[in-house]
Amino acid sequence: MADVSPTLPVDAFAPLDTAQSAEQLTRPSLSYWQDAWRRLQANKRAMASLGIVMALLLFTLAGPLVWQVDPTALDPDQISIAPGADRSAMVVDEYQPWVPPAPSRATSPGSLNLAFAESPTTQSVRLVWQTPIDTNVFGYRIYRNIFPVGAERNFGLPLTETGNPFFEDRLDLKPSAYYYTVIGLNEFGEETDLFATISTTLVRAITVPEARLKGLLGTLESAATGTELELKSHPLGTDYLGRDMLSRLMYGARVSLFIGFFAPLLYVLVGVIYGSIAGFLGGSVDQLMMRFADFVVALPFLLFMILFKVVFGIGPGESGIMPMLIAMVVLLWPGTARLVRGQILQIREEAYVSASRLLGAPTGYLIFRHMVPNTLGVILVTVTFAVPSAIFTEAFLSFIGMGVAPPTPSWGAMCNEGIKTMLTHPHEIIFPAALISITVLAFNLLGDGLRDALDARMRNQD
Amino acid sequence: MHETITETHSTAPSNKAVFSQLRRYFLYAFIAVGVLMFVLDYLASSVGSDTQEARAVDFETQSIAIAIAEEPPQLNSSLATDAVSGMVLGHIMEGLLRMGVDDQLEAGIAERWEVTPETATFWLRKDARWSDGEPITAKDFLFAWQTALDPDNASEYAFLLYAIKNAEAINQGNLPLTDLGVRIPDPHTLVVELERPVPFFDKMVVFPTFLPIRQDFYEATGGRFGADAKDLLYSGPFVMASWVHGSSLLLQKNPYYWDKDRIRLNEINVAYITSDVNARINFFKDERIAFTGLQAENLIDAMRQKWPIKRYQDGTVFFLEFNHREDRLSENLNFRRALQSVLDMEELVYKVTKLPGYRPGESLFPTFLMGVEKSFRQEYPATKIPVDYAQARAYLAQAKEELGLAEWPEFVLLCGDNPISNIQSEWVQGALKKHLGLTLKIDKQIFKQRLAKMTAGDFDLVLAGWGPDYNDPLTFGDLFASWNLNNRGRYASPEMDRLIAVAQNASTPQSRMEAFAGIQQLIIDDAVILPMYERGLTYVLHPKLKGVKRRVIGADTDFTNAYVER
Numbered sequence: 004m005a006d007v008s009p010t011l012p013v014d015a016f017a018p019l020d021t022a023q024s025a026e027q028l029t030r031p032s033l034s035y036w037q038d039a040w041r042r043l044q045a046n047k048r049a050m051a052s053l054g055i056v057m058a059l060l061l062f063t064l065a066g067p068l069v070w071q072v073d074p075t076a077l078d079p080d081q082i083s084i085a086p087g088a089d090r091s092a093m094v095v096d097e098y099q100p101w102v103p104p105a106p107s108r109a110t111s112p113g114s115l116n117l118a119f120a121e122s123p124t125t126q127s128v129r130l131v132w133q134t135p136i137d138t139n140v141f142g143y144r145i146y147r148n149i150f151p152v153g154a155e156r157n158f159g160l161p162l163t164e165t166g167n168p169f170f171e172d173r174l175d176l177k178p179s180a181y182y183y184t185v186i187g188l189n190e191f192g193e194e195t196d197l198f199a200t201i202s203t204t205l206v207r208a209i210t211v212p213e214a215r216l217k218g219l220l221g222t223l224e225s226a227a228t229g230t231e232l233e234l235k236s237h238p239l240g241t242d243y244l245g246r247d248m249l250s251r252l253m254y255g256a257r258v259s260l261f262i263g264f265f266a267p268l269l270y271v272l273v274g275v276i277y278g279s280i281a282g283f284l285g286g287s288v289d290q291l292m293m294r295f296a297d298f299v300v301a302l303p304f305l306l307f308m309i310l311f312k313v314v315f316g317i318g319p320g321e322s323g324i325m326p327m328l329i330a331m332v333v334l335l336w337p338g339t340a341r342l343v344r345g346q347i348l349q350i351r352e353e354a355y356v357s358a359s360r361l362l363g364a365p366t367g368y369l370i371f372r373h374m375v376p377n378t379l380g381v382i383l384v385t386v387t388f389a390v391p392s393a394i395f396t397e398a399f400l401s402f403i404g405m406g407v408a409p410p411t412p413s414w415g416a417m418c419n420e421g422i423k424t425m426l427t428h429p430h431e432i433i434f435p436a437a438l439i440s441i442t443v444l445a446f447n448l449l450g451d452g453l454r455d456a457l458d459a460r461m462r463n464q465d
Numbered sequence: 064m065h066e067t068i069t070e071t072h073s074t075a076p077s078n079k080a081v082f083s084q085l086r087r088y089f090l091y092a093f094i095a096v097g098v099l100m101f102v103l104d105y106l107a108s109s110v111g112s113d114t115q116e117a118r119a120v121d122f123e124t125q126s127i128a129i130a131i132a133e134e135p136p137q138l139n140s141s142l143a144t145d146a147v148s149g150m151v152l153g154h155i156m157e158g159l160l161r162m163g164v165d166d167q168l169e170a171g172i173a174e175r176w177e178v179t180p181e182t183a184t185f186w187l188r189k190d191a192r193w194s195d196g197e198p199i200t201a202k203d204f205l206f207a208w209q210t211a212l213d214p215d216n217a218s219e220y221a222f223l224l225y226a227i228k229n230a231e232a233i234n235q236g237n238l239p240l241t242d243l244g245v246r247i248p249d250p251h252t253l254v255v256e257l258e259r260p261v262p263f264f265d266k267m268v269v270f271p272t273f274l275p276i277r278q279d280f281y282e283a284t285g286g287r288f289g290a291d292a293k294d295l296l297y298s299g300p301f302v303m304a305s306w307v308h309g310s311s312l313l314l315q316k317n318p319y320y321w322d323k324d325r326i327r328l329n330e331i332n333v334a335y336i337t338s339d340v341n342a343r344i345n346f347f348k349d350e351r352i353a354f355t356g357l358q359a360e361n362l363i364d365a366m367r368q369k370w371p372i373k374r375y376q377d378g379t380v381f382f383l384e385f386n387h388r389e390d391r392l393s394e395n396l397n398f399r400r401a402l403q404s405v406l407d408m409e410e411l412v413y414k415v416t417k418l419p420g421y422r423p424g425e426s427l428f429p430t431f432l433m434g435v436e437k438s439f440r441q442e443y444p445a446t447k448i449p450v451d452y453a454q455a456r457a458y459l460a461q462a463k464e465e466l467g468l469a470e471w472p473e474f475v476l477l478c479g480d481n482p483i484s485n486i487q488s489e490w491v492q493g494a495l496k497k498h499l500g501l502t503l504k505i506d507k508q509i510f511k512q513r514l515a516k517m518t519a520g521d522f523d524l525v526l527a528g529w530g531p532d533y534n535d536p537l538t539f540g541d542l543f544a545s546w547n548l549n550n551r552g553r554y555a556s557p558e559m560d561r562l563i564a565v566a567q568n569a570s571t572p573q574s575r576m577e578a579f580a581g582i583q584q585l586i587i588d589d590a591v592i593l594p595m596y597e598r599g600l601t602y603v604l605h606p607k608l609k610g611v612k613r614r615v616i617g618a619d620t621d622f623t624n625a626y627v628e629r
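Protein chains in written order, with this note's numbering: chain A, 4 to 465; chain B, 64 to 629.
Everything labelled a hint here was simulated from the structure, so no lab data went into it. For clarity, every value in this text was computed on a predicted model and none was experimentally measured. Beta carbons are placed, not taken as given, at the ideal position from N, Cα and C, and that holds for glycine. Please note that a few of the clues may not be correct.
[Said to hold, decoys possible] Quick look at which bits of chain B chain A covers, simulated, 3 or more residues with Cβ under 8 Å:
hint: 1; region: 301-310
hint: 2; region: 342-355
hint: 3; region: 496-507
[Stated by the list, open to error] Anything over 12 Å on all C-beta distances counts as not near chain B; from chain A, calculated:
hint: 4; residue: PRO79
hint: 5; residue: ASN139
hint: 6; residue: LEU160
hint: 7; residue: LEU174
hint: 8; residue: THR204
hint: 9; residue: VAL314
[Claimed, not checked] Derived SDA-like pairs: lysine to any residue, alpha-carbon spacing no greater than 25 Å straight-line:
hint: 10; chain 1: B; residue 1: LYS189; chain 2: B; residue 2: LYS316
hint: 11; chain 1: B; residue 1: LYS612; chain 2: A; residue 2: PHE141
hint: 12; chain 1: B; residue 1: LYS447; chain 2: A; residue 2: GLU171
hint: 13; chain 1: B; residue 1: LYS507; chain 2: A; residue 2: LEU310
hint: 14; chain 1: B; residue 1: LYS417; chain 2: A; residue 2: ILE432
hint: 15; chain 1: B; residue 1: LYS609; chain 2: A; residue 2: THR195
hint: 16; chain 1: B; residue 1: LYS417; chain 2: A; residue 2: THR75
hint: 17; chain 1: A; residue 1: LYS217; chain 2: B; residue 2: GLY500
hint: 18; chain 1: B; residue 1: LYS511; chain 2: A; residue 2: LEU306
hint: 19; chain 1: A; residue 1: LYS312; chain 2: B; residue 2: MET517
hint: 20; chain 1: B; residue 1: LYS266; chain 2: B; residue 2: LEU168
hint: 21; chain 1: B; residue 1: LYS497; chain 2: A; residue 2: THR411
hint: 22; chain 1: A; residue 1: LYS235; chain 2: B; residue 2: GLY500
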């Protein structure tokens, strides 16, 4: 056994350099919010929804600056125009009442010699025919169809009955194909076998004063008859009064999003204050406050909405948005209040709160340092879920006519208008309905993602 | 311990086991839903009404099914005012006279009649019977008229009876009911003493207010007269076999009707009561109903389906009525003229309303009214006010000056709450904003509420309509008399009252029609109202259903002469 003494370097006894830390942190420390944001980013659905919400805000706030069209301006020449429809129009002379030619008689039996008096346009279609020599004809009925008449004599829409051998049609003429039929009537007004059909494809017409009024002539003083013009562009088409859909959707979104953001913000705020007071105080005060909340839950929303409208003296034809907002704030807070109260009750009993209290923390410190930050996640999730429900409530109330007053657009009101023409002009309902659906879905998915991201128990589980 | 371990195993089974279990659940769920559907279907068919089996037309039984827009609000003929009640009453009741297929007066319960300047005499037929077999006598008419005039009953249409001597005083409670100027020399003769000469009194008795009511039956119902099928006694071609409130009505041929050989239908099943036009069109598509009206949105579909589309003008004139009360800005003539020259009714009719049969409004008098020889409007064409925006703005500026206003306040446009009114009111709103910079608030109200607000004068402008009560220009002509309660804008002008008095008392048709022409011109010059359009209705009929009559005056739609073709 050799006498071995340990050999230690001299500097082994020198104090360690303080700069050298024993544990090197490999990742930057993450706060609760940073971690939540990181997990939200990993959630593709939530991120896509966030993108949609951002785009929606841009559409609503910046859209009207880019697309400067009055959402209430009528365009009677382009009523219920589908998106991307042909907009070319031909300049024609101003409309003059028609002086029909003197009637002439047909030369052979069973013939009417139906013809157009002038080249037909969407301004007017003028038909003339000859008085038949058949003696059983005492009058005429004029039909119009947009489908070919065919062998089954599908004449279409009866326009009028007349005793004269001429007729002018100005009813809702669109640039498309028309089939006109004139049928002879006997002395009892019944249809005879004598009829003639004529077809045409109309060109859209516009007069010079109309074009000037709409600013389509640009710098031109006038335009020659027969010139082709482009009518005002409506990228998403127009509604039943020729109002621009895109601009109506943008302005309509303002109402929807206003209610969608402000109502939840306000009633969640009320709910948070109410719930935290009840939860923090506890005991009989808590019992009393929560029973009052139960009472408010039982109140019918629609009835109160109508009552508020009456009480605030909101007359007919005025916007019902403010009473809607107030009704929502007054009636919808108990949900949040219950949630927050539950959280506070729980947190109040946590060990760190007791510790903090033992260390002499004042009530204000307890609330703002411990209680509120720990309920923020729950509150945020509540707000995100409340937004789509508020948007939907607004759409529903406007749909039943309790919301905005015409001509102010709102998505719900636009749906209500569009549903009447669902089969013939589907774009009038598809756009607002799609926007409501997408918005509500986006907020719900975002809320879902937020709930996952803010749930502390799911921390570090990715 | 052992148990715990096996349990752990069972909670983590293999994927295969999960799938087989899922499949089993799906199967159970599928079977359960299927069984539930059958059970519900069986229950629905056993407790549901027979409306499910409604068939549009049936040749063998000569029965048809139709739908109406709303439950008849009032089948007590002395109180009824609306078109739906009028339509039902037109099938279950018959009065002294009726309108024939050719729109001429026909003998009804009265087989002969005579109108002189002092009296109108009706000789009732002896074989006319109530649906319980009792004869219909002159007393039943007298009782009905007294009931309508009784101030306690507050019948809104009592004024139609004012042509009868003392009727107005009775209705205002100044005379007892027994003082009504009606004599009954024998049970089958009715002599009506007239307050003033009314040459068209025979045309007036077609109106539901003049229908007979039998006193003993009326009193036996204890105030429920007309409230249910059993609380009605029928004098017309059909009786009401059942009335499921809010859902359906069943009309069957009346075996006691004096003219029952004329009636070919055995049954009219009012199978659906719905105001939803699209629902009615779907019923028509499914051959559940034989008749339905169309709106502009449905026309393309109807053409595509190759339905036989029909149309007719119902004689109702719609107009924008101003409030002429003194505290209103619309009382200013130049303001009214500005609106008159800015609203292009042709644009409204041809581009916004888009229904065939609608005619741009030019006059208060619709085109069907007869003048001396030809139609009134052919004899006296209305002056047309051209659309002129510059002129309109000049009028408006003048009005602003006269009224001493710095800015125009908002105006209230009162209108009905239905799709057509909504579109039209928004069109008016848009046009006034665009061309005159005026702001309008739209006040949508249901019919009753709109009438109440019109009566109270709670509007600046109102979209109103007026349909004829009887076939004479006077039914429109006296509308803006200062004494007429239906003059809701309270227009009052001595010239108007003078012209109406001339029209009421004129001796020759020529001078009467000239008075009406004067009224027509005054309404345009003074911009009392702005005629918007004359309504036309577009509808489809089942191709096998024949003889259906649409009417301007009287019960519309009339199925009493209808039949089903093989």
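To see whether the hints hold, each was checked on the structure:
With a cut-off of 8 Å between beta carbons, the region 301-310 of chain B has 0 residues touching chain A; three or more are needed, and the interface restraint is violated. By the rule of at least three residues with a Cβ nearer than 8 Å to a Cβ of chain A, the coverage given for the region 342-355 of chain B is violated, with 0 such residues. As drawn, the region 496-507 of chain B meets chain A at 7 residues by the rule of a beta-carbon pair under 8 Å; at three or more, the given contact holds. Consistency note on PRO79/A: stated as away from chain B, yet its beta-carbon is not over 12 Å from all of that chain's, at 5 Å minimum.
Under the 12 Å C-beta cut-off, the non-interface status given to ASN139/A relative to chain B holds; the minimum distance is some 19 Å. Chain B draws LEU160/A into its interface by the beta-carbon criterion, the shortest separation being 6 Å against a cut-off of 12 Å. Taking the minimum C-beta to C-beta distance to chain B, about 5 Å, the non-interface status of LEU174/A is violated against the 12 Å cut. For THR204/A, the condition that its CB be more than 12 Å from all CB atoms of chain B holds, with the nearest at approximately 17 Å.
No Cβ of chain B comes within 12 Å of the Cβ of VAL314/A; the nearest lies about 18 Å off, and the non-interface call holds. Straight-line distance between C-alpha atoms of LYS189/B and LYS316/B comes to about 20 Å, which keeps the hinted pair within the 25 Å bound. In summary, the hint linking LYS612/B to PHE141/A is supported, as the alpha carbons are separated by about 20 Å, within the 25 Å threshold. Restraint check for LYS447/B and GLU171/A: the C-alpha separation of about 18 Å stays at or below 25 Å, so the hint holds.
For the hint pairing LYS507/B with LEU310/A, the CA-to-CA distance comes to about 18 Å; that is within 25 Å, so the pair holds. Between the alpha carbons of LYS417/B and ILE432/A the distance comes to roughly 20 Å, so the proposed pair stays at or under 25 Å and holds. For a cut-off of 25 Å, the pair hint linking LYS609/B to THR195/A stands: about 16 Å separates their Cα positions. Distance check on the hinted pair: LYS417/B and THR75/A sit about 20 Å apart at the alpha-carbon level, within 25 Å; holds.
Under the criterion of a C-alpha separation no larger than 25 Å, the hint pairing LYS217/A with GLY500/B is consistent with the structure, at around 16 Å. Proximity of LYS511/B to LEU306/A is assessed by CA-CA distance (about 22 Å); at most 25 Å being required, the pair is judged to hold. The straight-line distance between the Cα atoms of LYS312/A and MET517/B is roughly 22 Å, inside the 25 Å bound, and the hint therefore holds. For the proposed pair LYS266/B and LEU168/B, the alpha carbon gap of about 7 Å is at most 25 Å, so the pair holds.
At most 25 Å may separate the alpha-carbon atoms for a hinted pair to count; LYS497/B and THR411/A meet this at roughly 15 Å. For the proposed pair LYS235/A and GLY500/B, the alpha carbon gap of about 22 Å is at most 25 Å, so the pair holds.
In this structure, the hints that do not hold are numbers 1, 2, 4, 6, 7, in rising order.
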